[in-house]
Each structure stands twice: as structure tokens, then as C-alpha cells.
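Asker: Residue numbering for the sequence shown is -22 to -1, 1 to 1204, as defined by mature numbering (1 follows the signal peptide of the UniProt record, and there is no 0).
FYI, nobody ran anything at the bench for these hints, they're computed from the structure. Worth double-checking, as some hints may not be accurate.
Only pairs whose alpha carbons sit at most 27 Å apart, straight line, appear in this in silico BS3-like list of lysine-lysine [said to hold, decoys possible]:
id, residue 1, residue 2
1, 253, 705
2, 490, 541
3, 833, 740
4, 709, 756
5, 678, 630
6, 740, 705
7, 705, 742
8, 307, 334
9, 740, 307
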Amino acid sequence: MAIWSVLLVPLCIGSNIPCGKSFLPCQNEGAKSVTPFLKENLVLSHRIPDGLFWVATNEAKKEVHALFNYTDPAFSYSGHPLATAVEQWASMHHVDRIAVERSKSAYASIAITKRLTLLGLRERELRFGVDPSHVSSSIGNCPTSRLEVCPPTYYRSYSGVCNNVAQPEWGTSHTALSRMLKPAYEDGVSLPREAVSGRSLPPVRSLSLTLFTPLANAHPTVTTLFAHWMQFISSDMVNLVETQAIIDGNRAVRPLPCCRHGFYHPECDEIEIPKADPAYRNRITCIPHARTMVAPRLACALGPREQANMVSSYLDGSVIYGSSPERAKQMRSFLQGQLRTHGGLGELPQIDVKGKCQKEGRCSLSGSDDVNILPGVTALHTVFIKQHNRIARLLKEQNRHWLDARLFEEARRIVVAQLQHITYNEFIPIMLGRENIKKYGLSLHESGFDSDYDMSVEGSVLNEFAVTFPYILWSLLPQDKIFSSFNNPGKLYEHRGIENILRTLMSMNITKPSLRMNDEIKSEFFKDNLDIGLDLVSIALKQGRDHGIHPYTVVRAHCGLGKVRSFRELKEYFIMDSKVDYISVIYENVDDIDLLVGVLAEKPLKGSLFGPTMACIAGKQFQRTRRGDRFWYENYFAKSGFTDKQLMELRKTTLAEIICSNTELKKIQSNVFTRENIFENMQIDCSSSVLASPSIAEWKDLEDRPTFPVSQNTLEKVVNLAIHNLKDQQKREISNLQHNQRVFTKGDPLFAYSNMMRAKVKAKQISQVSAILLETTKLLLKGEVLSEEERLPPLEIDVLQRLLPDIDVSTFVNNFTAFLSDDGLSTTDECLPKILPCDHTTKYRTHSGWCNNLKFPGYANSFSPLRHLLPPVYDDGFDAPRSRAKSGRPLPNPRLVSEDGIFLMRKPTNMSMRHHFFLISNIVCEDRDISHITHSPIARGPNDEILNCTRCDSVETISVHCMPIRVEPGDPFFPTHYPNGEPRCLPFARSLLGQLNLGYRNQINQLTAYIDGSIIYGSTECESKHLRLASRGLLNFTDFGQGQMMLPQGDQEKDCRSSPRNPCFVAGDERNSHQPGLTVMHTFMMREHNRIAMQLSTMNPHWTDETVYQETRRIVVAELQHIVFSEFLPKIIGLDLLDAQGLVPMKTGYFTGYDDSCDASISQPFSTAAFRFGHTLIRRMFPRMNYNYKNMSEPVDLANHFGHVGPLYDKEAGDFCSKFVSTSQP
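Work out the full structure: start from the sequences and follow the hints.
Answerer: Right under this line is the structure:
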């Protein structure tokens, strides 16, 4: 009995999950939850006539076509004096082909919206008057996401796609910004905001000259490194680009020549220059400027104009790594997980050969295009590129066997976590102050995990944030040459350039936030030889109006700060400054004030740099940035989260420590965002324990494993060869089956067995991927197609068994559908949705077992591999079935084991005995190849043919999956040879492959490993729907009359020997009609479900069918579990062992021993040995008895009723109850 304790109790390691939205509910959370995955049915109201819609659509298409006509020669050269400055600005904020293609559909929907609005249609009619599918199809090029269900992932995507698995495009690059308020366009759809009176707002250049003077007051404590960090994270979250032209065969991006005489484009929005302008007079009359590139709404829905964010909205390190795989590829060296650097001078970032900088050949390349905008910004990029490389080196020291891809991704994951930690732990407290941190829930945890990830929170950047935050930082910079060296990283190339720049930034104070800006920023931004450049203030103000951003007073009121009704009231909220008086002169109405002007003029809150309105905007944004990010570093989701100990190490991170670790600075203040002082922030040695770096030892694998020289390129090469080999094998087997195998008919034992053990569609798909991975393993082990450098090191089999599964094949597995069809197109699997994060608030199980374990959602799922308690003992270590005993001699023939009486049953007829011994021999053989647990299917042919492995040479003449059992001399039922002299074998096909990693062969379990009623309800969503009546929560059934419910009839049993007269049945387990005793048990449980469902629906008439079904399912599953642990297991293993293993059900209270580290998956020993114990208990004869246990009629002979349910239709010999009594007799 000792073996049972091993089989029933997995090894577990306890852990703690905090309560919150994304994990276990807290006590103060309501019991009712809203599931974000449920889609409301669209109800069309105020339907727009089709004819009207199509006319508007056709006109819109013509307008969009003209918009993208780039034949005008002016696109190639504008001739404007500021052309060089404009090109530099455009190079930092440039469009790409994806943005242009997406914008076309956006422009089309905007044009349709404008036309329908002019006809008097209102917002509700635009939203609900047209089916969204009609809009997207009429536009023609509407971008649609191909990811309806996101695959579980360990690492972030670069673009942000699938961060939110319910809304995969939320927060991704090239998508629309979000908003606090609906846009305030002049026409309600697209035109830039105008004054309340309907007249034009004050010219932006006039506001820049009048309000934004260079006068400044220094802040007493905050350093200019703070402002540079503000720029750094702004670039990570926001990149707005002006509309640009892509010409020369899509090779060149050109700014629109908006100030060129005679040129017109509807997206031009020039900045007019006053005649008396002190910087530009007699030189230019306007600054070229175009409106921000637009992005389509979801499904190209009609509505107002929305602007595109070219980068991922999440704080995800895109500033370092880029927001696309292409940029990340440019950044990577593909060696030891490192990023590329420019050798010498302290490992500067690599050179951007296509960059346009003030210093030719000195442009740095990083994740964001504005890396060179200021020397201090370039220095921060340099520090974090070096930090990545330092972390990658440390990880390599800890894990010599890690390959480049894993080193890179793990280092990236750590650096992103540090970026988030610095921002929320050091930066935001200075920017917003303690009160706002508390108000917006921005405090970090001192220990443990965060549980407030909310899938309903959209991670996209707020438009109000995008047009203020990235520009406010420029008002904080004092007058100094280092802050006017725009797009000129030359200082980095000086002796100790990085150190000198950082030392300057940490020793100079910012100016207090106010309506101010250095003159260089207003007229010399990206200046060229003419000593004039762009006006960043005017650009910022233009953007706010272009985006339809509400005026300051409206945003302030929206933040709950009260309505400002007059200019006089502003004196209460604005900094005392003479310029405030100008505001009432320049603006016509208090409700005309631009948002950027208002937030800079506000008095700062106590303990904060910002006033209340900007604190509201930033607070809401950083709240979304944290709560809407599934990969937030304090979260813990399956495989993508850090461990407790790793988190504690990451919490040691400070920007001071990172600077010390990646520069030659010897001393530094502990808080680099505030000035050094001798009391709280004195300079300390970089070697001080106060600045201790996080220990990477917590990332060390549990086992010290040798290095595998398997690069992604090598792996891809071998996988492609494996696919080629399998295609050749498939062709051979198709030919073998055509020439060497007959067609099966009903009644054939092999036909019956093979159909009982057939694979479901999902299992077949997985097995094809498994076959590729197994063949890849074999090719890697042989090494014949690999160069010397690519081959695996000579290691023992047991070492290789441990190491090969660790090689990352996720890229191939996640795209496995490409191997399943010629065109490589994937389809959404609605039957097995794998949605993350798990909804901890639901009280209902999924049918597949997904998310039963919140931390490891895939544990014990249907269609997952069996688990090995010990390493497998295949003859070759990976695939060849075990054939040798410990002594080295051959194992006994499974046929001999069967004959020796382990599975005895008196001989019935010749046919039934052959059927019986065929099954018994298979059971014994499966112990070596492993099949048939709760349901582990057997392999089939290339076109799903049953494999007839009767021939002793069938492994060559039929399929590699054949493993025939030789008939030995002395067999009591079968001769050793056929009459023609050919040796005789019994057929056996190996189990279906089920592993999704390199390494040894493994098998698949088609059912969940939980006692969850899947035998009643199915193991997929599709199966459960097929079994339901869709009324009153009932399961489907066949009416046998007189209130007798039987299982629904169907063709689930492919070898139903009692049909058509007595059809077989359908249930959660397709083996339900295998023999009458099983059918009785299935019927009994179906009746129990319907009995409870009818009572529940009577007691709760307001409950929907879904609620009644799910509540009944909960009760029935509980009953099933109770029966197993209270009645069944005590008889199997005894009460003493049951108690010793803590398996005795509690009489009162709740069970508290749940352990999320336990994988409940079925083990191989249980599936091949313990599970078979039940087979030895099955009797041949099933007596029909009454309630007094007296025989009523002739018994049912099991030997004649495999796949035959006739006795259940025989009412004269006894009804259903007589069969149940017979099966339950002790």
C-alpha cells in the first residue's frame, strides 16, 4: 500500500498569494464581479439607411485617396529655411508603413462620420446605427487583430500586444490614445478646437512669446536629472508623430512642406509667425507643422478623430528595447544576451548610421528615436544599455547553460522592473507628493506581491497626459549650454563624458514649474547654421488643440477641483505672476485657456511639484500604467512573475546604484533626484553597502547545468529538417496503409478498441507538434546535420533528459498551427479558451481545468502531458520502448504476462476470448509505452486511419507507431504462425504523443486530472454545450417514457454493436457506452444533475439557464468528490493511510490545505499501474436484481456486451434500476 501514498500525494511547496483584483478576493470585495470577457449583444437602434451610408462611404474613399497622393514635387524638397530642423524633428517622430496603412482606415471612418454628422446624425446613431462589420468591410483596409485568444506568454511583447488578453490591442503601439474626456473638436468630429465664441484661439506663437518667458526661480532641492528622467519615461510611453509622406517606393519619409507657397494639404496646420517676432522676423512667416497622425478606432468604428501613439503605452522599457521586433533586433548583439554597443569610451550606444544629428556620425541608436535629443538623455540611455549588459553577464555567471535568447529576455525583464521601481519609488513621490500617491494608489509594496491588476483598465496613455507631460519637463530646465545642445550627443565622446554629464545633472537644480521656457527651446530648437530652429512651445500648444483637448477649466472641473467661472478666480489657483494678468488679455474667455498653459500656471500642491490639475492627470495616468499592466513587476501570474526573493532583491534598486554600477563615478548622493546635503542626502562611496545591487543569485537555476550550444538559428534549422523528415514519413505511411492494410468493419475487436482510444481534434493537433519536437530531439542527439560548434556536448542520457526540455521552443510551439496545414493559417480554438489573467472572483470551474490554479493555470488541464515521478526508462533514453530488464535480459512478452493469470476470466466464446486477451495484452504493453489513463489516446495514421499493427513487421510496413506483440509458443488460444508460415502477432499501437518540449517522448491526457465531473460534463467548452439542453440548466437526455431519463443518444461510440435498433449514448466521457455498467453510472449522474437542476430552478425562478447549470454542476461535483474520498478511497487504501495522508474529508468547517504549488496532473505510474487496479475488479456476469438483491432474470454477459447497450433497452428483463443495483452489489 505504500505506493498509493506516492501516487495520490504530489510533492508540494507552500507559497502565499495576496488578495486583490487579480488573485484571491479580499474580505471587503463584493461577492459579485463583472467578467470583462463577456461581450454584449449589439442592438442596432436608429438604423442609418444603407443607401445613405454607402454614399458617405464612397465620398470618404475619394477623399482619403486624395489625401495620400504624394505626386507633388514639393514632398521631396520644401526649400524652407527650417527644413533641416524640421527633418531632425521628423526623424525623432517619424511614421512607418504600419502607421500609414492604419491611418487610411482612420481617415475613412472620420470622413464618413463628418458627412453623416452634417446630415444631422447624432453620436448614438453613429455608434449604434450601423453594424460595425459593415463599417470595417466598407472601408476595406480596416486593421483587425488576428489574436482573438492570446497564448500564455512568459515575456512581454515589444509592441504591447496581448498584455491585456481580453483586449489584445489595448496599449499597443500604433493604436489610439485614450481620453479622460470626450474630444472638443470645433466641428465635433475632427477640426482643431476653437474659442468658445467660435472665433480663432490666440496664435500659439504669440502665447509662446508672451507667456513663456525665460525668467525662472530655482527649485531648492530637485535636480535636473529629475527632468531628464521625465523625458526618459515620456519617450517610453508616448511618441506622437506628425502626418508625413512616404515616397520613393516607400523608402523615404518626408515631412509635409506645409509652408511652401502654393502647397496645400488638409493635414497641414502651420504655425503663423507675427511680423514683429523677435527671433523670426524678416526670415520666415510660418513654421511647417502638420497635424498628428490618426489611428482607427476598434473595428474602424465611426466617431471623432483619435491620435496614434507610435510606441507601447506601458512602462515596459521600449525606450531601451524599442516597440517592435525589428528595432529590438537592431539593438541586440545575439551574443550572451547583450545589447550592441560602440566600442571604446566606456561602451557608448551603437552608432545610428541613418540618424540625423548635429554631429555627423555621432548619432546614438536606442529603443526610442529621441535618444539624442539632449546629452543628459543620451547619457541615461547609455547607462541603461550598460545596465542590461551587466545584468546579462551576471545571469550568465549564475546560469552557464542559459542561451542568448533567455539571457536577453531575463535581463530585459529585470531592467524593466528596475525602470518601474525607480519611477514609482523615487520619481513619482517628488512629482506628486505623498497625498496624491495615496489618493491614486501608487504606493509600492515593501514585501510580497501586488494583487490589483485590473483587466478592465485600459493601459493606453491618456491624450491629456500625452500633450502636457512630455513638454512640462522643458520648463524645468535652467539656462545652461548642456540644456540647449539639442540633438548633439558630442559631449558623450569627450573624456569621461558620461560621468561629467551625470555629475552636472545631479548638481544643478531645476527651475520651479511655471509659465516659462528658455529662449533656445522657443526659437532655436534643432537650429542649423541660420541660428534659428523650431518653437517647441508652439508645437505643444498646437498639438493640444489639434487633439481636441478640452481647455484647462474643463479638465480641472473633471478632476473634481471646482469650476472656474472668471479670470478673476484664477488668481486663487495660479502662481502670483504678472504674466497671469496677460492671460485675461490674450484669451477671450476663461474657458479658452489651453490645458498646458493652465497646468503650468497653477500653484503646486504641498509636497508636490505640480498643481492639482496636472497631479490629477499624472495620477490617473500612472494609476492606469500600473493597474492595467499584466506584466507589472510586483504582479504574480503564471511564469511571468518574479519570486518573493527576487522581488526583495529588485526592491534594492535605486537609480544611484545603477549609475554607480555602470559609470566610473566614485561617489554619489543616494537620491539622485534631489541635491546633495550633509544631513539626509550626503554623497557616499559607490562601494558602500547602502548602494548594494540586487543579488542575481536569486535567478540561479536549482541545478548547475552545462552549456548547450543550441542557438535559435540552429534550432530553427533542425526543426525545419524535422518537419521535412516527418513529411517524408507521412508519405511512406500513406503508401503503406494503401497497400498493406484492409478496411475495418464493425465488430472487429481492433476497430472497437481503436475507436474507444481515439484522439480528439485538439489532441491530434498537439501530437503533430510533439512529433516535430521528438524528431528534432533525435536530430540534435545524432548531430549528423550540425557543425562541430552546433552539436550537443557528450553527456549521459539522464543529464540530457533533464537539459533538453529547458531549451526554449516557445516560438515554434506558439506558432504550431503553421505545421498543421499547407497555408499555415491558424484558427481560434473556442473549445479551449486560455484567458489570462485568471478571474479569481468566479465560483465556477472551467471545463478544461484552466485557471483552477490561479498561479499556474495550465496545471492538470485537459490535453496536457502526463507527469513522470521518475525519469523515463526508454531504451534509448527518449523514444524506444523499454525492452530490457534490470539484469539486461529481455523483458517477458506482454502476452505471457497476460496468460499467466494476472487478468483471469473464464473462457466464453472464441471471439469474445480473443477480444478479452487482445485487451489484456494491450493493458500490459501499455505499462511500457504508457497509454489510457483517464483518457490517453493511441496513435493513428496520417489521415486518421486506424493502424492495424497485426503484422509482426508492421513497424516497417504500416507505421512507426506500431509495436506488435509476438505470440509465443504454448499460447492457449493462438498459434505462433499463420498457415502461410508468417509469424503471428497481436496488434498494438503506441500512445499518442503529447509533449510540447524537446526531450523524451511523453503522452497526453485528454481529460482534466481534477475530480471535476468532466466525465459528466466534458473537458472542453464545446463538449459541455453539446451535452446541455439549454433550458432550466438541464443536461440533454433521451425520454424512455414514464419519466425515465436516459443519456442522449448519439454516435459517440463509433463501434456501437447494438445500433441501429438500440443506439448508443453520449456523455462527458465518450467511453460511456463501452459496457452497460459504465452506461448505468453515467445515466445515474445525469439524472442526479437534472434532479438538482429542477429543484434549483423551482426555488429560484429568476435564475438563468446558465446560473442553474453552473450551480447544479458545483453541487454534483461536490457530491462526486465526497463519494470518492468518503466511500471509495477508504475501501481502496484503508482509513489508516487515508488519515496519514490527510485525505479524510472534514466533518465541519473548510479545508485549508490547498497548495498552489501542487501540480494535480496524473502521474505516469498512476495511469499505467494504479489506475489498472480497477480493471481486475470487473466481473464478467452482471446479474439483474431487484431492490432485495434477488435475481430478476438472466444476467448480462459482459463478454458479449462491449459496445453493446441492448440490455438497457430490454424493459422486460428489468429496468435501469436493476442494472444499477447489480453494479452496486458488494
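Asker: Evaluate each hint against the coordinates.
Answerer: Hints, verified against the model:
no. : hint         : result
1   : 253 with 705 : violated, 76 Å
2   : 490 with 541 : holds, 26 Å
3   : 833 with 740 : holds, 24 Å
4   : 709 with 756 : holds, 20 Å
5   : 678 with 630 : holds, 18 Å
6   : 740 with 705 : holds, 20 Å
7   : 705 with 742 : holds, 16 Å
8   : 307 with 334 : holds, 21 Å
9   : 740 with 307 : violated, 34 Å
Checked against the numbered hints given earlier, the structure breaks hints 1 and 9 and satisfies all the rest.
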